[in-house]
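2 protein chains.
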Amino acid sequence: MNYQIELRHFIYFLAVAEELHYRKAAEKLFISQPGLSTQIKQMEEILDTQLFIRDKKKVSLTPAGEFLKKEVEFILNHLEQTKKQLKLIGEGHMGEVRIGFLGSAMQNVVPNLLLGLKERYPKVHTTLEELSNRAQINAILADRLDLGFVRLSRVPIGLEVKPVFEDTFSLVLPEEHPLDKGNFKNINQVANEDFILFSQDYSPTYYDTVLSICEDGGFAPNVSHKSVHAQTIFKLVENKLGIAIVPTTLQYGFQMKVKFIELRKIKQRAVLSMVWKTDNRNPALQKCMDLLMKL
Amino acid sequence: MNYQIELRHFIYFLAVAEELHYRKAAEKLFISQPGLSTQIKQMEEILDTQLFIRDKKKVSLTPAGEFLKKEVEFILNHLEQTKKQLKLIGEGHMGEVRIGFLGSAMQNVVPNLLLGLKERYPKVHTTLEELSNRAQINAILADRLDLGFVRLSRVPIGLEVKPVFEDTFSLVLPEEHPLDKGNFKNINQVANEDFILFSQDYSPTYYDTVLSICEDGGFAPNVSHKSVHAQTIFKLVENKLGIAIVPTTLQYGFQMKVKFIELRKIKQRAVLSMVWKTDNRNPALQKCMDLLMKL
DNA sequence: TCTATTTGATAATTCATAATTATTGATTAA
DNA sequence: TTAATCAATAATTATGAATTATCAAATAGA
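Going line by line, the protein sequences match chains E and H.
Everything in the first sequence is counted per the numbering used here, starting at 151 for the first residue and increasing by one.
Everything in the second sequence is counted per the numbering used here, starting at 151 for the first residue and increasing by one.
The reader is advised that the hints may include incorrect statements.
Copies of the same chain are indistinguishable here, so a pair counts whether it falls within one copy or spans any two.
[As the list claims (entries may be wrong)] Quick list of in silico lysine-lysine cross-link-like pairs, DSS-like style, CA-CA up to 30 Å:
id, residue 1, residue 2
1, Lys233, Lys174
2, Lys233, Lys208
3, Lys312, Lys268
4, Lys427, Lys234
5, Lys312, Lys390
6, Lys331, Lys273
7, Lys312, Lys220
8, Lys415, Lys178
9, Lys427, Lys208
10, Lys417, Lys237
11, Lys415, Lys335
12, Lys409, Lys273
13, Lys219, Lys427
14, Lys331, Lys376
15, Lys208, Lys415
16, Lys234, Lys219
17, Lys206, Lys174
18, Lys268, Lys208
19, Lys219, Lys273
20, Lys219, Lys237
21, Lys273, Lys427
Honestly, the hints are just simulated from the structure, not real lab data.
Work out the full structure, taking the sequences as your base and the hints as a guide.
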C-alpha cells in the first residue's frame, strides 16, 4: 500500500468534513458511499493520521481533521485561482512584456502603447528600460527583452522589424541664433556651423542619415560633439557649442533655451521601428503587437 | 475527455519543467517516457493552456508554464509542510515553525525566541537554517520557511516585515591598531584604511548603510574584501588586511584578536527584522509571533 | 551526402486501482 | 421486537495510467 495523496482525496475529504455524513457527501460528489468510505480510509492510511471519528451514528473531525480542513480549503482555493490566472496568461490577457526603447521613442510611441495596453489589457504588466539600439538587439536575442523600439534599418536573422513611426528631422538652434522659421530656406545655410550629433554606435542609422542630409545640402558637417542623450545635446546647443539635427518629436518633453526648425522639404525621415524575436511565444507580446498595428 | 487535474500531474510537470527533457524527467520519476508525454499533454488539455514548447529537439516553458512552475513549487512545498504539521497535530503536538536567520541574529534574538518557545509552548517544534537575506525571502515565498530574520528595508508584496532588534554599529580593528576607545573621536580617522564588508548580495541594506556611515564621515571607503561570514571578516581584520564595520552584537560569540569600538554617535542602526508571509496560517507561527512581540 | 543517434509522439496492450453493486453488522427509533 | 439508517466490507467491473514497441523528425558525425 504505497499510494500517494491526490487532489481527489482532498475533494472527497472536504465533502465529508462539510457534511459530516458519508452518504450525503457521496451523493454530493456523485459517487457511491462505499467508494467514498474506502478513499477516506486510504487517505488516513497515507497520511498516517486519523481524520474522522466514526462514533455511534455520528461522524466528527479530529483536531488533525479540523486543521486539514482549513488547509484543504486553502489549497483548493489557491488552485482555482491559479488555474484562472494560468488561462489568462495563456491567452495573453495577463503577464509581462519587457520593453526596451530609445529615449526618442518616449515622446510618442511608447506612451501611446502603454496607455492602450492599460486600457485594453489592464492585467498585462510592462517593464521599461531605456537602451541603445545595440543593447536592445542583444537583450532581445538573449531573451531579456520582448520588444524593442529602435532606429535601425537592418537586424540580425531571427529578429523581425517593423516601422511604427516616421518622423521628420528638425534643426536645433540656440534661441539667439539669427536663423528662424521665417528666414530659413535651405540646410546649406548652416554648412559652416559645428554639429552635435548622437554617437554612431548609439544609432548608426541616425548618424548616416544626418550625414546624408548634409551631403544633399552640398556640404560635409563639422561634427564637434557626440552624445547619447538628447538632454546633453540640447544643453550643448543652448550653450552655443554647436547646432543639432534630431527627430522632430524630440522637441517635446524638454525645457531648454533652444528653437526647432522642422526640415519638411528634405526626403530623409527618422524611422522608429519595433523589433522582436521571430519565435517569441509570449502571448502578451502578441496582444501588444496587435495594439501597435492599430495605432 | 473530462478529466481532472491531479497532484501527479503537478509532480510530472515540475520534473519536465526542471529537466526540460522528457526522457531525463521520466527517468527521474521512474516512469516511462511515453507515459510522461501523454500525462503532460493531458494536463495541457485539462488546463486548456500550452505549457511547453517542443521545438526542434528543445523543450522550453511558455510564459504560462513559467508561471505554473512557480505555483506548483509553492503548492507542493505547502503540501509537504501540511502533511508534517498534520502528523504532529495527530500525535498531540502543536506543529512546527521553520525559521531562517542571518548569522548575526544568532547572537541575540533567535536564541531568546527559542528559549521562550520552549518554555511557553514546549510542543512547538522548530527547525533552524542560516540563510542569506535573499534565500530567506525566496524560501518564505515558496513556503519552505515560516519566519525569517533579515536585514532588509523592503520586501516583496505578500510578505510582512517588522523590526525586532536595533543594534548600533561597531568598528572592528586589529588588537594592535593605534586607535582605541580612548582616542577615537570620529569615523574619518579611519578614512584611509582598507575596509572588509559583508557582500552586497548577502545584505544590500547593510552594505548601503555602511557606505552612508562613511559618507557622513566625509569619505568613500576603500573596500578591499567582501565576505558572507563574520568569522572570515574578523579573521581578515586580525591579520591586518583591513578594518570592518559590523553590527555591535556580532562581537559576542567569537574569539578573535580584534577590538570593537562602538559607534554610538552615528545615527545609523543595524535593524534586524522578522519577515513572514501575510497569509501563512501555520498556528504554531502565530504563537511564535505573540512571543516575539513581548520580547 | 548518408548513416547512426537522439528526440518526443503514437498505437496497442497490460495492469493497477477507483468505483460500483450487493451485502453485513451496528445502532437507533418506533 | 422490527424497521430504518448508518458506515464498513467483499466481490466485481470499468477506467485510465503505465508499459512496450514503434515512428517521424532532427541532429551530429563520418
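How the hints compare with the structure:
{"no.": "1", "hint": "Lys233 <-> Lys174", "verdict": "both (28 Å within a copy, 27 Å between copies)"}
{"no.": "2", "hint": "Lys233 <-> Lys208", "verdict": "between (36 Å within a copy, 26 Å between copies)"}
{"no.": "3", "hint": "Lys312 <-> Lys268", "verdict": "within (22 Å within a copy, 34 Å between copies)"}
{"no.": "4", "hint": "Lys427 <-> Lys234", "verdict": "both (19 Å within a copy, 22 Å between copies)"}
{"no.": "5", "hint": "Lys312 <-> Lys390", "verdict": "neither (37 Å within a copy, 55 Å between copies)"}
{"no.": "6", "hint": "Lys331 <-> Lys273", "verdict": "neither (46 Å within a copy, 58 Å between copies)"}
{"no.": "7", "hint": "Lys312 <-> Lys220", "verdict": "both (26 Å within a copy, 26 Å between copies)"}
{"no.": "8", "hint": "Lys415 <-> Lys178", "verdict": "neither (58 Å within a copy, 69 Å between copies)"}
{"no.": "9", "hint": "Lys427 <-> Lys208", "verdict": "between (36 Å within a copy, 17 Å between copies)"}
{"no.": "10", "hint": "Lys417 <-> Lys237", "verdict": "neither (48 Å within a copy, 51 Å between copies)"}
{"no.": "11", "hint": "Lys415 <-> Lys335", "verdict": "within (10 Å within a copy, 69 Å between copies)"}
{"no.": "12", "hint": "Lys409 <-> Lys273", "verdict": "neither (41 Å within a copy, 55 Å between copies)"}
{"no.": "13", "hint": "Lys219 <-> Lys427", "verdict": "both (19 Å within a copy, 20 Å between copies)"}
{"no.": "14", "hint": "Lys331 <-> Lys376", "verdict": "within (25 Å within a copy, 54 Å between copies)"}
{"no.": "15", "hint": "Lys208 <-> Lys415", "verdict": "neither (60 Å within a copy, 52 Å between copies)"}
{"no.": "16", "hint": "Lys234 <-> Lys219", "verdict": "both (23 Å within a copy, 15 Å between copies)"}
{"no.": "17", "hint": "Lys206 <-> Lys174", "verdict": "within (17 Å within a copy, 52 Å between copies)"}
{"no.": "18", "hint": "Lys268 <-> Lys208", "verdict": "neither (53 Å within a copy, 34 Å between copies)"}
{"no.": "19", "hint": "Lys219 <-> Lys273", "verdict": "between (32 Å within a copy, 20 Å between copies)"}
{"no.": "20", "hint": "Lys219 <-> Lys237", "verdict": "both (27 Å within a copy, 14 Å between copies)"}
{"no.": "21", "hint": "Lys273 <-> Lys427", "verdict": "both (23 Å within a copy, 23 Å between copies)"}
When the structure is compared with the earlier hints, violations turn up for hints 5, 6, 8, 10, 12, 15 and 18 and for no others.
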